[in-house]
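Number of protein chains: 2
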Amino acid sequence: MPCKRLQPRFRSGYPPAMMDRARSGAGDRARVAATGDGRIRVARPTIFDVARVAGVSSSTVSRVVNGHPQIRDTTRQRVQAAMVSLGYVAHVSARALAGGRSGVVGLLAQGVDSAFFLGVIQGVDQQVSGAGLDLMLCTTHDRREKEAEYVARLSHGMVEGLLIILPRGLPDYVEQLRASQFPFVLIDHDDDAPGCNVVNAADRPGAAAATDHLLALGHRRIGFITGTLNMGSTHQRLGGYRDALVAAGVPLVGELVVQGDFLEPRGYEATRELLALTDRPTGIFASSDAAAFGVLRAAREAGLRVPEDLSVVGFDDVPEASYVDPALTTVRQPLRDMGRSAVRRLLELLADPDAPVERIVLATTLMVRGSTGRAPGADGEPDGPTGGRDGPGSG
Amino acid sequence: MPCKRLQPRFRSGYPPAMMDRARSGAGDRARVAATGDGRIRVARPTIFDVARVAGVSSSTVSRVVNGHPQIRDTTRQRVQAAMVSLGYVAHVSARALAGGRSGVVGLLAQGVDSAFFLGVIQGVDQQVSGAGLDLMLCTTHDRREKEAEYVARLSHGMVEGLLIILPRGLPDYVEQLRASQFPFVLIDHDDDAPGCNVVNAADRPGAAAATDHLLALGHRRIGFITGTLNMGSTHQRLGGYRDALVAAGVPLVGELVVQGDFLEPRGYEATRELLALTDRPTGIFASSDAAAFGVLRAAREAGLRVPEDLSVVGFDDVPEASYVDPALTTVRQPLRDMGRSAVRRLLELLADPDAPVERIVLATTLMVRGSTGRAPGADGEPDGPTGGRDGPGSG
DNA sequence: GATCTGACCGCAAGCGCTCTCAGTCAGATC
DNA sequence: GATCTGACTGAGAGCGCTTGCGGTCAGATC
Numbered sequence: 001m002p003c004k005r006l007q008p009r010f011r012s013g014y015p016p017a018m019m020d021r022a023r024s025g026a027g028d029r030a031r032v033a034a035t036g037d038g039r040i041r042v043a044r045p046t047i048f049d050v051a052r053v054a055g056v057s058s059s060t061v062s063r064v065v066n067g068h069p070q071i072r073d074t075t076r077q078r079v080q081a082a083m084v085s086l087g088y089v090a091h092v093s094a095r096a097l098a099g100g101r102s103g104v105v106g107l108l109a110q111g112v113d114s115a116f117f118l119g120v121i122q123g124v125d126q127q128v129s130g131a132g133l134d135l136m137l138c139t140t141h142d143r144r145e146k147e148a149e150y151v152a153r154l155s156h157g158m159v160e161g162l163l164i165i166l167p168r169g170l171p172d173y174v175e176q177l178r179a180s181q182f183p184f185v186l187i188d189h190d191d192d193a194p195g196c197n198v199v200n201a202a203d204r205p206g207a208a209a210a211t212d213h214l215l216a217l218g219h220r221r222i223g224f225i226t227g228t229l230n231m232g233s234t235h236q237r238l239g240g241y242r243d244a245l246v247a248a249g250v251p252l253v254g255e256l257v258v259q260g261d262f263l264e265p266r267g268y269e270a271t272r273e274l275l276a277l278t279d280r281p282t283g284i285f286a287s288s289d290a291a292a293f294g295v296l297r298a299a300r301e302a303g304l305r306v307p308e309d310l311s312v313v314g315f316d317d318v319p320e321a322s323y324v325d326p327a328l329t330t331v332r333q334p335l336r337d338m339g340r341s342a343v344r345r346l347l348e349l350l351a352d353p354d355a356p357v358e359r360i361v362l363a364t365t366l367m368v369r370g371s372t373g374r375a376p377g378a379d380g381e382p383d384g385p386t387g388g389r390d391g392p393g394s395g
Numbered sequence: 001m002p003c004k005r006l007q008p009r010f011r012s013g014y015p016p017a018m019m020d021r022a023r024s025g026a027g028d029r030a031r032v033a034a035t036g037d038g039r040i041r042v043a044r045p046t047i048f049d050v051a052r053v054a055g056v057s058s059s060t061v062s063r064v065v066n067g068h069p070q071i072r073d074t075t076r077q078r079v080q081a082a083m084v085s086l087g088y089v090a091h092v093s094a095r096a097l098a099g100g101r102s103g104v105v106g107l108l109a110q111g112v113d114s115a116f117f118l119g120v121i122q123g124v125d126q127q128v129s130g131a132g133l134d135l136m137l138c139t140t141h142d143r144r145e146k147e148a149e150y151v152a153r154l155s156h157g158m159v160e161g162l163l164i165i166l167p168r169g170l171p172d173y174v175e176q177l178r179a180s181q182f183p184f185v186l187i188d189h190d191d192d193a194p195g196c197n198v199v200n201a202a203d204r205p206g207a208a209a210a211t212d213h214l215l216a217l218g219h220r221r222i223g224f225i226t227g228t229l230n231m232g233s234t235h236q237r238l239g240g241y242r243d244a245l246v247a248a249g250v251p252l253v254g255e256l257v258v259q260g261d262f263l264e265p266r267g268y269e270a271t272r273e274l275l276a277l278t279d280r281p282t283g284i285f286a287s288s289d290a291a292a293f294g295v296l297r298a299a300r301e302a303g304l305r306v307p308e309d310l311s312v313v314g315f316d317d318v319p320e321a322s323y324v325d326p327a328l329t330t331v332r333q334p335l336r337d338m339g340r341s342a343v344r345r346l347l348e349l350l351a352d353p354d355a356p357v358e359r360i361v362l363a364t365t366l367m368v369r370g371s372t373g374r375a376p377g378a379d380g381e382p383d384g385p386t387g388g389r390d391g392p393g394s395g
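Those protein sequences? They're chains A and B, same order as listed. For the first sequence, the working numbering gives the first residue as 1, with consecutive numbering after it. For the second sequence, the working numbering gives the first residue as 1, with consecutive numbering after it.
Hints are supplied without guarantee of correctness; some may be wrong.
[As the list claims (entries may be wrong)] Derived SDA-like pairs (lysine to any residue); straight-line CA-CA distance at most 25 Å:
1) A/K146 / B/S102
2) B/K146 / A/D352
3) A/K146 / B/A131
4) B/K146 / A/V65
5) A/K146 / B/E273
6) B/K146 / B/R78
7) A/K146 / B/K146
8) B/K146 / A/Q126
9) A/K146 / B/G130
10) A/K146 / B/G132
11) A/K146 / B/Q110
12) B/K146 / A/A247
13) A/K146 / B/R344
14) A/K146 / B/D191
15) B/K146 / A/V84
16) A/K146 / B/A81
[What the hints assert, rightly or not] Under 8 Å between C-beta atoms, here's a sample of chain B residues computed to sit facing chain A:
17) S58
18) H91
19) V112
20) L118
21) S129
22) G132
23) D134
24) M136
25) L137
26) H141
27) E145
28) R300
Derived from the structure by calculation, the hints contain no laboratory data. Beta carbons are placed, not taken as given, at the ideal position from N, Cα and C, and that holds for glycine.
Generate the whole structure from the sequences, applying the supplied hints.
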């Protein structure tokens with residue numbers, strides 16, 4: 001004898017008799033059971049309740065819910081009416097377990113504490129909710145060992161696809177994801193990631209454009225404040241800085257490159273170090289706008305005028321960059337676009353698991369504002385065009 | 001004859017024979033099946049696989065996973081070894097469906113596009129991942145009708161508890177949540193929400209303190225730029241502004257209160273309107289730092305010096321507030337603390353559904369910086385203490 | 001030695017849904 | 001009128017897990 005569907009069980013040990021009563025009677029809005037202390041607990045209607053009210057089987061309800069084509073119009077309407085009258089809402093976990101869509105995509109990142117993250121998540125959010133999906137946000141807080149666990153848990157019955165903002169290096173689990181054909185997209189990953197779908201910004205050309213801009217203004221001693229070394233973009237930006245110097249025949253001086261962490265306090269400190277050099281730089285290029293704000297603060301404290309005594313360039317183009325005085329010259333990174341593109345790509349993968357691998361590089365743009373000017377002592381006109389290096393690049 | 005556990009079914013129609021082969025054999029790392037095109041697909045081990053390897057029943061594995069006490073130590077170790085060797089990861093949806101914990105909390109907000117949100121989510125993230133939970137982020141993008149749907153879906157088998165950043169008013173679904181005893185906490189909800197757990201900041205005392213500060217500096221015509229009118233905090237801040245004026249016997253002038261939206265562009269516009277008044281204000285209090293940046297920009301453009309010609313106060317104390325020049329006097333709102341407190345409260349509710357309702361109000365602090373000074377023409381010393389109004393308040 | 005006790009563990013129902021397979025039945029075809 | 005077709009629907013197994021209930025068995029008790 002095959003399995004029979006039995007009476008549902010309540011979570012908190014209600015007597016079966018009460019259950020029967022609650023379950024019976026078509027047309028009731030929801031199963032209701034009184035708890036011991038007189039409160040009322042409402043059990044959400046299931047697909048079976050809807051089926052009963054509509055006078056069809058649960059399979060038919062499921063088909064209606066999922067937009068299956070072969071359903072008679074009258075039946076569909078009856079079911080929909082029943083769903084509305086009962087206030088039916090699909091149980092996501094059950095659906096996911098039974099092999100349907102969970103409608104959730106995961107976003108894995110180190111943390112939520114930067115303008116970079118905020119921009120990306122805005123784009124992701126927009127695109128995800130536009131597609132009627134939900135977003136699961138997971139932060140690893142730099143605990144590398146948590147990443148693999150997260151990925152395993154998420155990819156195992158929790159989300160349909162994964163967006164991953166990775167630090168440098170390609171951990172094992174990425175290979176695992178690839179092997180298991182789980183749909184995922186890497187964001188801002190500059191390393192070589194064979195077979196992976198990646199979305200990132202043209203960091204290197206952007207940084208080169210910024211450096212070019214300073215060079216064209218006559219700057220020869222240009223300080224550079226890096227980001228955290230575990231991020232791929234940090235190295236790409238440093239690469240762009242170097243590219244431009246090399247192209248201009250300006251030697252790369254070690255003392256002018258200072259390690260930073262994308263944040264303001266370190267930008268401030270780094271600038272104090274740079275300004276303490278015997279032959280201080282006349283321009284400073286920071287790897288983030290936040291760090292550039294630190295540069296501005298340190299300059300102010302040192303009594304230097306920007307841009308007359310010191311030119312400053314940032315990276316990101318956060319909204320505040322144009323609010324400060326002088327407004328910050330910076331490299332615009334299309335953060336929201338990156339988020340959006342990543343989601344779009346993920347949706348494509350969801351629709352077609354065999355879609356060919358893509359590597360999307362979004363253009364960066366040099367935004368010239370008031371914080372950069374001719375180098376002190378530099379004479380005449382700028383010695384070349386500026387701001388022309390931006391655009392999609394090889395990363 | 002009772003139900004027998006049958007062979008597992010693969011999602012994509014693999015032949016049963018392959019399944020049998022894949023399922024059998026204790027000690028294999030995972031069930032593996034080749035797809036048509038030669039790729040390999042790895043099925044994650046289930047609790048049954050672990051049970052088989054450990055030589056126990058699936059119930060025992062479940063008990064070990066969930067830290068059930070009555071398990072012999074040797075058994076526990078055997079099971080744990082099996083889990084490790086198989087790389088077992090619990091299936092969250094299945095667990096949630098079966099009545100266990102999903103380990104996910106939901107955060108419902110209008111959008112992710114403000115410093116307010118970023119601060120709150122940082123706190124939430126920190127506390128959530130500290131507790132070993134996951135975060136599900138849902139944004140309604142101001143589509144009110146989506147909220148109820150979200151809440152229904154989330155509270156129905158998806159998350160264990162809900163954090164809700166609500167605009168003004170108390171929608172029906174909140175009452176529904178309360179009725180169904182689903183654990184949830186409202187964040188930054190200033191309206192009366194009977195029976196709801198709420199975490200918010202002392203907006204009103206904070207705004208009063210900021211206004212007091214300007215009054216003490218001799219300002220009498222103080223402009224006020226509001227936030228979006230659908231937020232409770234907007235009205236609380238306006239209330240605090242009014243409180244302080246009334247207490248100082250300064251008349252509230254309609255033309256000095258301009259509607260804003262918490263964002264920079266509108267802050268800029270609003271300031272231009274204020275500065276165009278015949279008798280322009282000598283101080284402007286904006287309902288957010290972003291809006292205050294707009295005030296600074298408009299002042300700069302109008303050739304006004306800050307604070308000599310115009311004093312400016314913001315609200316929030318975002319990091320940038322102290323980076324700009326002059327640094328912004330503002331009301332610090334403990335955004336991260338709000339996020340953290342909300343999660344803490346939710347965890348308490350999760351642990352004890354009958355915990356008494358709490359309304360947590362976190363203190364705001366006036367941060368006096370360079371953007372405020374004595375009113376032009378005001379003589380002598382400040383006419384009263386400043387900055388003394390901050391602290392926990394009634395909201 | 002019989003009974004009791006309690007720690008430990010297994011059985012199997014059930015969570016709410018999806019999806020395959022097997023009908024059913026009205027209309028078309030021969 | 002018998003057969004076929006295809007649109008539509010129902011039955012029910014199964015997803016991976018939790019958990020109540022009951023069984024087992026070694027040691028304690030009488």
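For each hint, the structure was consulted:
no. : hint            : result
1   : A/K146 / B/S102 : holds, 18 Å
2   : B/K146 / A/D352 : violated, 28 Å
3   : A/K146 / B/A131 : holds, 13 Å
4   : B/K146 / A/V65  : holds, 18 Å
5   : A/K146 / B/E273 : violated, 52 Å
6   : B/K146 / B/R78  : violated, 48 Å
7   : A/K146 / B/K146 : violated, 33 Å
8   : B/K146 / A/Q126 : holds, 14 Å
9   : A/K146 / B/G130 : holds, 12 Å
10  : A/K146 / B/G132 : holds, 11 Å
11  : A/K146 / B/Q110 : violated, 30 Å
12  : B/K146 / A/A247 : violated, 54 Å
13  : A/K146 / B/R344 : holds, 22 Å
14  : A/K146 / B/D191 : violated, 40 Å
15  : B/K146 / A/V84  : holds, 15 Å
16  : A/K146 / B/A81  : holds, 20 Å
17  : S58             : violated, 16 Å
18  : H91             : holds, 4 Å
19  : V112            : holds, 5 Å
20  : L118            : holds, 5 Å
21  : S129            : holds, 6 Å
22  : G132            : violated, 10 Å
23  : D134            : holds, 6 Å
24  : M136            : holds, 5 Å
25  : L137            : holds, 5 Å
26  : H141            : holds, 6 Å
27  : E145            : violated, 13 Å
28  : R300            : holds, 6 Å
Going through the hint list in order, the structure does not satisfy hints 2, 5, 6, 7, 11, 12, 14, 17, 22, 27.
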